[in-house]
Amino acid sequence: MQDFDLVVIGGGPGGYVAAIRARQLGLSAALVEAEALGGICLNWGCIPTKALLRASELYHQASRASEFGIEIEGLRFDISKVVDRSRKVAGRLSRGVAHLMKKNGVEVVAGRARLEGPGCVQVTGDTQRTLRAPHVVLATGARPRVLPGLETDGDRIWSYREALHPPAMPGSLLVVGSGAIGVEFASFYRDLGCEVTLVETLPQILPAEDEEIAAFARKRFERDGMVIHTGASVGGLERSGEGLRARIDHGEGEAELLEVDRAIVAVGVEGNVEEIGLETTRAQVERGAVVTDAWCRTGEPGLYAIGDVAGGPLLAHKASHEGVLCVEAIAGHTGAHPLDAGRVPACTYCRPQIASVGLSERAAREAGHELRVGRFPFAGNGKALAVGEEQGLVKTVFDAGSGELLGAHLVGAEVTEMIQGFVIAQGLETTEAELMQAVFPHPTISESMHESVLDAFDRALHI
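Take any residue in the sequence shown, count from 1 to its spot, add 248: that is its number in the numbering used here.
Mixed in with the good hints, there may be bad ones.
DSSO-like mimics (lysine-lysine), calculated; alpha carbons at most 30 Å apart, straight line [stated by the list, open to error]: (1) K298 with K631; (2) K298 with K351; (3) K298 with K467; (4) K336 with K350; (5) K336 with K298; (6) K329 with K298; (7) K336 with K351; (8) K467 with K631; (9) K350 with K298.
DEER-style ranges, computed between Cβ atoms [said to hold, decoys possible]: (10) G359 with Q309: 14 to 24 Å; (11) E682 with G501: 50 to 60 Å; (12) K336 with A310: 28 to 38 Å; (13) R487 with S276: 50 to 60 Å; (14) S276 with E618: 52 to 62 Å.
Hints were generated in silico from the structure; no laboratory data involved.
Even glycine gets a Cβ: it sits at the ideal position worked out from N, Cα and C.
Work out the full structure, taking the sequences as your base and the hints as a guide.
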């Protein structure tokens, strides 16, 4: 039995960051992880998918080389090498997290953790250990949601795990669900030549994004050969020959059959709340997530929850931020402050990329705001034209009376690297006047951000 100030269950981007911050604040900390350090994000999500998407982006760019006066003959890819690189990147970062744990003096305990009453964590693995601490942080993450009739089998029906390391490139693919995970995989496989069909039950793809941005992205996907069905569902998947037969229901009795080699089911995730001993506590679970307050506290004194297991937004950077604020509150740090979920940016790394923060135009109107909305297309941006990335759009949403930046929505090349400018602006409560007075460097694609702000107030210079 060992005593610590803090025990963190789960070594993903929320858990390991919480442990590091605890040590920085002088608390003794143990981190329990059943698999690889870095969690799903680093090992099977955020990082390896970006490595794959970089490969498909390079392949796509190489296929356009003649537009830039460069001739490439015999262009091809080796999917095994593409996958191998992504696994090496993930492995390198996981080892990096292990180094950070050692550097910061965090004790890493390998095994599965279970709460056994207040402040007591039982760990089972190669050896059995009992850890005690007045503060326990749950950072157990989430897993793919399973729908009846669409259960993954690891062979022909994939979750994101199987999609990350295909044994061979399928000729055709069905992607069920058009959130960030589904769209990123659809984009990756399509750019490498796979015939991709994307099915979404809601009226628009990327349901969490601004309607105009989602429509722009859909048009680009379809132009590049992706088949998209919205307002539709997959009624079932069954084996057929070497592949699958899917029934796509369009409503009102209309349906079609689709033959594909493989399918990816990406219909969301649900928190890992089972088998961790929550029933021994006063913590509550609602809709698959542990209920917490603004400081990540559960209904059980001394028990906290951060990241995906505590509900949305289901984003790694949200988990990391919660890990920091939770531990700072535990330590009584004067700089601790609750998270404003409305200012957490969302990024989707498909081609074109999509990034947003704050309210969509529809949500802002429904909240009762009088709006000024600005738009600027990449087609009016010199850098975008020079690098061949003229397909893009920046949209900004302001309160007409106060000039408050309510939301920003971007689609196009490298917008995931640009959104932080609007995130900082919101955090500083920057007004439209200050944004318009800011000097943006030329030539950069980021100038389109400035022009969108100008357009919202009828001052755009280049459209």
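Cross-check of the supplied hints:
1. K298 with K631: The given pair, whose Cα atoms are some 24 Å apart, holds under the 30 Å limit.
2. K298 with K351: Roughly 27 Å between the alpha carbons, so the hint for K298 and K351 holds.
3. K298 with K467: Roughly 23 Å separates the two Cα atoms, so the pair holds.
4. K336 with K350: 21 Å, holds
5. K336 with K298: Judged against 30 Å, a Cα distance of about 13 Å means the pair holds.
6. K329 with K298: Holds, because 15 Å separates the two Cα atoms, which is no more than 30 Å.
7. K336 with K351: OK: K336 and K351 at ~22 Å, within 30 Å.
8. K467 with K631: Given pair K467, K631 holds - Cα atoms ~23 Å apart, limit 30 Å.
9. K350 with K298: 27 Å, holds
10. G359 with Q309: 14 to 24 Å: 44 Å, violated
11. E682 with G501: 50 to 60 Å: Since the Cβ atoms of E682 and G501 sit about 55 Å apart, the hinted range of 50 to 60 Å holds.
12. K336 with A310: 28 to 38 Å: 22 Å, violated
13. R487 with S276: 50 to 60 Å: Between R487 and S276, where Cβ atoms are some 53 Å apart, the hint holds.
14. S276 with E618: 52 to 62 Å: Since S276 and E618 have Cβ atoms about 53 Å apart, the given range 52 to 62 Å holds.
Hints 10, 12, counting from the list given before, are not met by this structure.
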